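Take a look at the letters that make up each chain.
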Amino acid sequence: MSINPDDLPGRMQRQEASAFDDFSKTFGPRLFRLFRFLGASAADAEALAVSCITDVALKVDRFTPQGPGSFWKWVSRIARRAWIDARRERTVALPLTDHDLAASDLPEPPAGVAEAVEEALSHLSTVDQEIVRSHYLVEELPLVEIAQNLQMEATTVRGRHHRLRPRLRALLADSPAIDEYWQARLRKPSDTQTEDDHE
Amino acid sequence: MTMSEDFNDHGPNDEREADPQLAGLLRAASPEPPNFLAKCQGAAHTAMALLQMRRISQRMSPPFMGVSAYLRGLAAAASVDLSSVLVWAGLSPARLDEPADQSFGTAWARLALALRLSAREAQLHLRLTFADEVHLELWPSLGAELRSEQGGADALARCESFLDSAAKTWSEDVRGRLRASESAFWAAYRKAAAQDGPA
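Quick note, the sequences are listed as chains H and Z, same order.
Using this note's numbering, read the first sequence as starting at 1 and increasing by one per residue.
Using this note's numbering, read the second sequence as starting at 1001 and increasing by one per residue.
Calculated from the structure, these hints are not laboratory results.
If you're wondering where the values come from, they're calculated on a predicted model, not measured in any experiment.
Careful: at least some of the hints might be erroneous.
Unchecked claim - Simulated pairs of lysine-lysine, DSSO-like, Cα-Cα distance not exceeding 30 Å:
| hint | chain 1 | residue 1 | chain 2 | residue 2 |
| --- | --- | --- | --- | --- |
| 1 | Z | Lys1168 | H | Lys73 |
| 2 | H | Lys25 | Z | Lys1039 |
| 3 | Z | Lys1039 | Z | Lys1191 |
If we strip away everything but chain H, and leave its shape as in the complex, we get (with noise of 0.2 Å):
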């Protein structure tokens, strides 16, 4: 049964047990891939959309729904806080910045960027593949680490990074989200700084 997300906040305030499970397994998917879009490292972004889950139930008697969506902004604006907090306070790698201060809202990765992600990389070659896994998705190694998993020389899967990127840049605007994500970004460049701002 599909679980619709606007309905959650008034079951939480009636504190239905099962709405917790509902939103844990809802939104903790979805603050994750929003810490990890944002810089975080893997178990950084997991820690704090563990941490978002119990801090938005807590909190959840003072929403007040505002329209379809409403409780994802609601949530979206208490893990930016949670966000800043944890850079300010040195809790997470990337230090914060005065751009991350002026946002008022943070950008969020666009609708099933995971399925785009994959039909994209189902267009590389093997090799390719696993160096944007390793280097992105699963355990960010540096690329001369992965060039010795790879029993490859560092500067050939330097070269090879260098070249795949615009190549996956054009397969993942196959998805019309991402185009138009990258779209917006492009009509507002000052949205696009996530991390090369950092100091």
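Given chain H, work out where chain Z should sit, using these hints.
Just chain Z now, kept in the frame of chain H:
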């Protein structure tokens, strides 16, 4: 691993910095760590336990009990497992039976805010924890004060005054830990209260 640790000798420290938009999308597509959903579910269950304890606490007038007895009483009345709640606050369950200190004050601040206790009431519970430790008999002395003329008008104030007087006779060790735990409590309470505003 932090971004800056991804060293290579051919250019920027991190190849991902060259295209932060692409890096963000790829990270957002990364798989969740093992047991992530179980951790989210545990976090939601902890929140639900705290909400049930909060509901009980809001139905009763502040009891003159130390933190440990108060939390155990709330958990029993709400029929919830206290251990996950304590761990969430940063306390091992065994700490409830050990002398309170600075870290106890910090954890109690987090719990008090989750239970929506006023700072004053929460501080009283903390002081009563030390009264329990020195086996201070609140009754019948405090009872006599409360029954006196205007004694019931502000029971909290009467209890605070009673404890202030009693604390002067406590050993330096106990008074030192009381000061340290209260200081930690206030610092954590104020900080968390500032972060706890409406989303």
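Here is how each hint holds up against the structure:
In summary, the hint linking Z/Lys1168 to H/Lys73 is not supported, as the alpha carbons are separated by about 51 Å, beyond the 30 Å threshold. In summary, the hint linking H/Lys25 to Z/Lys1039 is supported, as the alpha carbons are separated by about 10 Å, within the 30 Å threshold. In summary, the hint linking Z/Lys1039 to Z/Lys1191 is supported, as the alpha carbons are separated by about 26 Å, within the 30 Å threshold.
Hint compliance for this structure: hint 1 alone is broken.
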